[in-house]
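Enquirer: Residue-level listing of the chains:
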Amino acid sequence: MATIKIPTPLRAYTGGNAEVNVSGKTVSAILSDLTTQFPDLRPHLFNGDELRNFVNIFIGDEDVRFRSGLETEVEPGDKLRIIPSIAGGRK
Amino acid sequence: MELVISTELHDRLAHHLENTFPNEGGGFLVGHIKGDARQVTEIHLVENTFASEEQFHRYLAEVGEFQRIEDEADARGLSLLGYFHSHPDHPAIPSEFDRTHAWPYFAYLIVSVRGGKQAESRLWELATNRESFIEGQLSLSHS
Chain A
647 MATIKIPTPL RAYTGGNAEV NVSGKTVSAI LSDLTTQFPD LRPHLFNGDE LRNFVNIFIG
707 DEDVRFRSGL ETEVEPGDKL RIIPSIAGGR K
Chain B
149 MELVISTELH DRLAHHLENT FPNEGGGFLV GHIKGDARQV TEIHLVENTF ASEEQFHRYL
209 AEVGEFQRIE DEADARGLSL LGYFHSHPDH PAIPSEFDRT HAWPYFAYLI VSVRGGKQAE
269 SRLWELATNR ESFIEGQLSL SHS
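First to last, the protein sequences are chains A and B. Numbered by this note's numbering, the letters in the first sequence go through residues 647 to 737 in order. Numbered by this note's numbering, the letters in the second sequence go through residues 149 to 291 in order.
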């Protein structure tokens, strides 16, 4: 079992919980478990089967993009976190 | 959604956005959530880290800043309510770029800055189906 921290704007989909227990041996499996528990999260994290490019998944202080992406292995007790990239622009 | 912010805090963020003109600037809004209302108690000015040649029409906050400000808010029983950014010489209306990068239940305060002076502030919220923005009520308080 690992935990994943939910960013504030998505806590409306996790009953207000900032942290959720999740199971899986890879980041992909963890996100699958998370979106099975809370299906309304999925469209905000994925575009089809692809993780949206402004969604960052960290294990500890490390962005999984700098490891093996969604195939990065997760150990029991790991602390994951979803961190949005906050961006905007006039056109 | 209603966003309540004091004129003092709004003036501070607008002054920051005037200073970043002609580039875009931005930052985060922290405070309390009460139902559909958001009460801003503090603002955090955050550097624009988009490629410098694109900053005239793009804003990006570093991921670490989101992490730090959210952690500090959580630890103090506050909430990261949303963020603000400027549209230099452009209306305070969300763009397609804004929509594709937006999050639900987050307050999007857009400030139009024309010729280096704040012109208009409007509040927006992403529809939960991600297809559009819904305009919210921006309330300036004098307390």
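Hints in this document: simulated from the structure, not taken from any laboratory. Some clues are possibly wrong.
Dumping the calculated DSS-like pairs for lysine-lysine here, alpha-carbon to alpha-carbon at most 27 Å [claimed, not checked]:
1) A/K671 with A/K651
2) A/K651 with A/K725
3) A/K725 with A/K671
4) B/K265 with A/K651
5) B/K265 with A/K737
Enquirer: None of the hints should be skipped; say for each whether it holds.
Expert: Hints, verified against the model:
1. A/K671 with A/K651: 17 Å, holds
2. A/K651 with A/K725: Holds: A/K651 and A/K725 sit about 8 Å apart, inside 27 Å.
3. A/K725 with A/K671: 13 Å, holds
4. B/K265 with A/K651: 39 Å, violated
5. B/K265 with A/K737: 19 Å, holds
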